[in-house]
Each structure stands twice: as structure tokens, then as C-alpha cells.
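If you read the protein sequences in the order shown, they are chains A and B. All letters in the first sequence, in the order written, are residues 1 to 197 by full-length UniProt numbering. All letters in the second sequence, in the order written, are residues 1 to 197 by full-length UniProt numbering.
Among the hints, a few may not be true.
[Stated by the list, open to error] Rough simulated footprint, nothing fancy, chain B against chain A, three-plus residues with beta-carbon under 8 Å:
id: 1; region: 150-162
id: 2; region: 176-190
[Claimed, not checked] Far from chain A by the CB rule (all over 12 Å, computed), these chain B residues:
id: 3; residue: Leu7
id: 4; residue: Ala9
id: 5; residue: Tyr23
id: 6; residue: Val31
id: 7; residue: His47
id: 8; residue: Ala53
id: 9; residue: Ala57
id: 10; residue: Val67
id: 11; residue: Pro79
id: 12; residue: Arg122
id: 13; residue: Ser175
id: 14; residue: Ser188
[Stated by the list, open to error] Some chain B residues well away from chain A (every beta-carbon gap over 12 Å; in silico):
id: 15; residue: Thr50
id: 16; residue: Glu64
id: 17; residue: Leu70
id: 18; residue: Ala74
id: 19; residue: Ala172
By construction, these hints were calculated from the structure, which means they are not laboratory data. Just so it is clear, CB atoms sit at the ideal spot from N, CA and C, and this is done for glycine as well.
Residues per chain are reported as follows:
There are 2 protein chains.
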Amino acid sequence: MAATETLTAERILEATEEVLRRYGPAKATVVDVARVLGVSHGSVYRHFRTKAALREAVTERWLERNVVELRPYAEGRGPADERLGGWLRHLFAMKRQKAGGDPELMATYMVLIGENSAVVDRHVDHLVEQIAAIVADGIRDGAFAAADPDVATTARAVFDATDRFHDPAHAADWSAPGIEPAFEAVLSLVLRALRRA
Amino acid sequence: MAATETLTAERILEATEEVLRRYGPAKATVVDVARVLGVSHGSVYRHFRTKAALREAVTERWLERNVVELRPYAEGRGPADERLGGWLRHLFAMKRQKAGGDPELMATYMVLIGENSAVVDRHVDHLVEQIAAIVADGIRDGAFAAADPDVATTARAVFDATDRFHDPAHAADWSAPGIEPAFEAVLSLVLRALRRA
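The whole structure should be built from the sequences, with the hints applied where relevant.
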């Protein structure tokens with residue numbers, strides 16, 4: 001069968017997301033994924049050794065799309081304060097879209113995230129590394145004051161301080177009136193903290 | 001009966017908390033409250049016209065204890081940055097104690113809070129007013145730079161930026177290792193934003 005020749009991890013993960021969406025996290029099985037792909041479940045297991053590994057990989061893929069989308073801000077040129085503002089605004093926009101645009105898929109991933117806290121921790125580390133890159137550029141350019149105590153701690157503090165605008169625990173607030181000005185006020189506070197006096 | 005002569009709103013609220021603790025929010029009734037106090041339920045209704053009003057009042061009392069406890073920082077003298085640090089540290093400590101010390105009562109109040117979002121909004125307003133008082137003092141003393149755009153918005157941004165350390169949605173993180181340094185890093189970021197250059 002032609003399908004098996006081109007069976008990649010990425011294709012399996014796409015099919016897994018489709019199956020999760022269709023059956024929900026409680027009922028989705030590796031056999032369902034294989035059926036969608038028109039392959040044997042053994043072919044799926046050659047790429048992902050267990051169902052748990054497959055679920056972890058699909059969760060990681062879902063989360064890491066944020067990192068890919070935010071990369072232009074992290075690696076871009078231009079003033080560090082604008083890049084950080086853009087990064088935070090874009091993260092908030094993506095999170096709101098995920099929460100509001102497809103609540104069922106979001107709920108599915110919330111279940112998977114609950115099963116895979118190590119994946120979430122790694123993902124947060126990647127996001128904080130992107131903030132750290134922007135902060136380090138800002139310090140080098142003289143736009144930001146030297147980080148106190150250090151860039152990694154400062155970047156984590158920026159992530160934590162804006163947590164109301166990206167942690168799914170707050171998703172219910174994201175459609176409240178006044179959430180936009182609240183975000184802008186926190187962003188402005190964070191930038192004031194970073195800017196060179 | 002002597003009890004009726006001294007029946008105050010405060011005594012009813014104490015008894016209501018006791019009844020909520022004993023029976024849980026789903027089962028607690030006004031009749032239970034009256035029984036604990038040794039009065040008729042009519043006597044309770046003379047102070048609180050409905051069961052909903054009683055539940056709202058007991059929720060408000062529970063929340064507003066924080067405001068009372070934090071008042072010394074809000075109204076105190078001394079450097080504004082130390083007062084704000086003390087205020088935020090004390091709020092975090094109280095929230096952790098409530099969440100960790102008596103999880104059952106905490107769960108009860110989480111149910112009541114879900115029923116009374118207007119009470120929570122008023123309570124948050126009171127907390128933000130305390131932050132605003134400290135920020136305004138700091139600006140007057142020259143310790144803090146002029147608030148941009150204004151004191152009320154800045155105070156709300158300080159509250160939102162520290163949300164990971166007082167919003168019950170994050171209670172599960174409060175016993176995680178590293179939560180103390182994470183709090184101190186956010187506090188330090190917030191104070192850097194406020195201090196005069």
C-alpha cells in the first residue's frame with residue numbers, strides 16, 4: 001500500500017489529532033489512528049512505541065506550534081521593546097484563538113496536558129528562552145537595563161507576570177470586557193521594568 | 001432566650017461558616033444556621049432576607065478578612081516599595097495558608113465564589129485600592145515615578161502581574177518547589193517598573 005511508504009511521524013501526529021478531535025481523549029485508540037491512515041497499527045507503533053508516547057508527541061506538537069509562530073519576534077531585528085510587546089501580544093492572540101475558536105479541541109488538549117506535565121514544563125522553557133533572547137538583545141542594544149538578577153530569571157518573571165494572558169487557567173476571562181486594556185497595562189508595566197532608565 | 005437578644009449579623013455569619021464547613025455548600029440551610037445559634041430561622045431572616053443574601057454575606061466576610069489583614073501595609077508609613085513588597089508577600093502567604101491549611105473550607109468558598117462573582121469583583125476592587133494607596137504614597141514621596149497612565153490602572157496592573165501568587169486558579173502551584181524565588185522575581189520586576197529612575 002502506497003500510504004505505508006510515506007508514513008512519517010508528522011502524518012501520524014496529524015491523524016492522531018484528527019482522531020482525538022473525533023472520538024475525544026478517553027476513547028481515541030492507536031487502532032483508530034492506523035485506520036485513518038490506512039495502515040496497520042504495527043506501522044504506527046514503529047514510529048511511536050506506546051500509546052502514551054504518541055499522546056505525548058501530539059501534545060508537544062500542539063504546544064510547540066506556538067514556539068514556531070513566535071520565532072519571528074524572538075529572532076527578529078528591531079527594537080527589543082517592540083519585539084517583546086509583539087511576542088506577548090501574539091501569544092495572547094494565539095491562546096485566545098485556541099480557547100475560543102475550537103473549544104472542543106482545546107478541552108481535548110487540556111486533558112492531554114494534564115497527563116503530560118513534563119511536556120508542558122519543556123514547552124514553557126522554550127517560550128521563556130525566546131523571551132530571554134529578546135531581553136538579552138535589548139540589554140546589548142542599550143534599550144533595556146542590565147537584567148537583575150540575570151536574564152533567565154528576568155525572562156521567567158516576564159512570563160509569570162503576564163500569566164493572566166496566556167495560562168489556560170484564565171481562559172474564561174479572555175472574552176471579558178476590559179481584558180485588552182488590562183493586557184496593555186501589564187505589558188506597559190513589564191516594559192517599564194526592563195527599559196534603561 | 002438570651003441568645004436572641006445578642007443575635008448580631010456577625011454571629012450569624014460565624015454560625016453560617018460553621019454550618020458550611022460541617023454540611024458543605026450543597027446541603028447547608030438557613031434552618032441549620034438557626035439551630036446552631038439556638039434561634040428560630042425567622043430570627044436569621046430578620047438579618048438576611050434570603051438564603052442567597054446570607055451566602056453572599058458570608059463569602060464577602062471571608063474575602064474581606066484579607067483586606068483587613070492587609071490594611072497595615074496600605075495605611076502604614078515607611079518606604080512605599082517595602083510596603084508594597086510586604087503587602088504582596090502577606091497576600092500570597094494568606095492565600096497559601098487558606099488553600100493549604102483548610103482545603104475543605106477553601107473548596108466550600110470556591111463554590112460560593114462561583115455563585116457570587118459580583119462579590120469577588122468588589123473584593124478585588126478593594127485590594128486594588130490598597131495597592132493604589134501605596135503607589136500614590138510612593139509617587140508623593142518621590143520613591144516611585146509618576147504612574148503611567150494613572151494610579152488606578154497601574155495598581156490594577158500590579159495586581160494582575162502578580163496574579164500567579166494570589167489567584168486561587170493557581171493554588172496547585174503554590175506548593176511547587178521554586179515558587180518562592182518565582183514570586184520574588186516577579187515582585188522585583190514590579191518594583192523596578194514603579195521606582196523612579
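Do the hints match the structure? See the list:
no.: 1; hint: 150-162; verdict: holds (count 8)
no.: 2; hint: 176-190; verdict: holds (count 7)
no.: 3; hint: Leu7; verdict: holds, 39 Å
no.: 4; hint: Ala9; verdict: holds, 32 Å
no.: 5; hint: Tyr23; verdict: holds, 28 Å
no.: 6; hint: Val31; verdict: holds, 34 Å
no.: 7; hint: His47; verdict: holds, 33 Å
no.: 8; hint: Ala53; verdict: holds, 26 Å
no.: 9; hint: Ala57; verdict: holds, 25 Å
no.: 10; hint: Val67; verdict: holds, 21 Å
no.: 11; hint: Pro79; verdict: holds, 18 Å
no.: 12; hint: Arg122; verdict: holds, 15 Å
no.: 13; hint: Ser175; verdict: holds, 14 Å
no.: 14; hint: Ser188; verdict: violated, 7 Å
no.: 15; hint: Thr50; verdict: holds, 27 Å
no.: 16; hint: Glu64; verdict: holds, 22 Å
no.: 17; hint: Leu70; verdict: holds, 20 Å
no.: 18; hint: Ala74; verdict: holds, 19 Å
no.: 19; hint: Ala172; verdict: violated, 9 Å
When the structure is compared with the earlier hints, violations turn up for hints 14, 19 and for no others.
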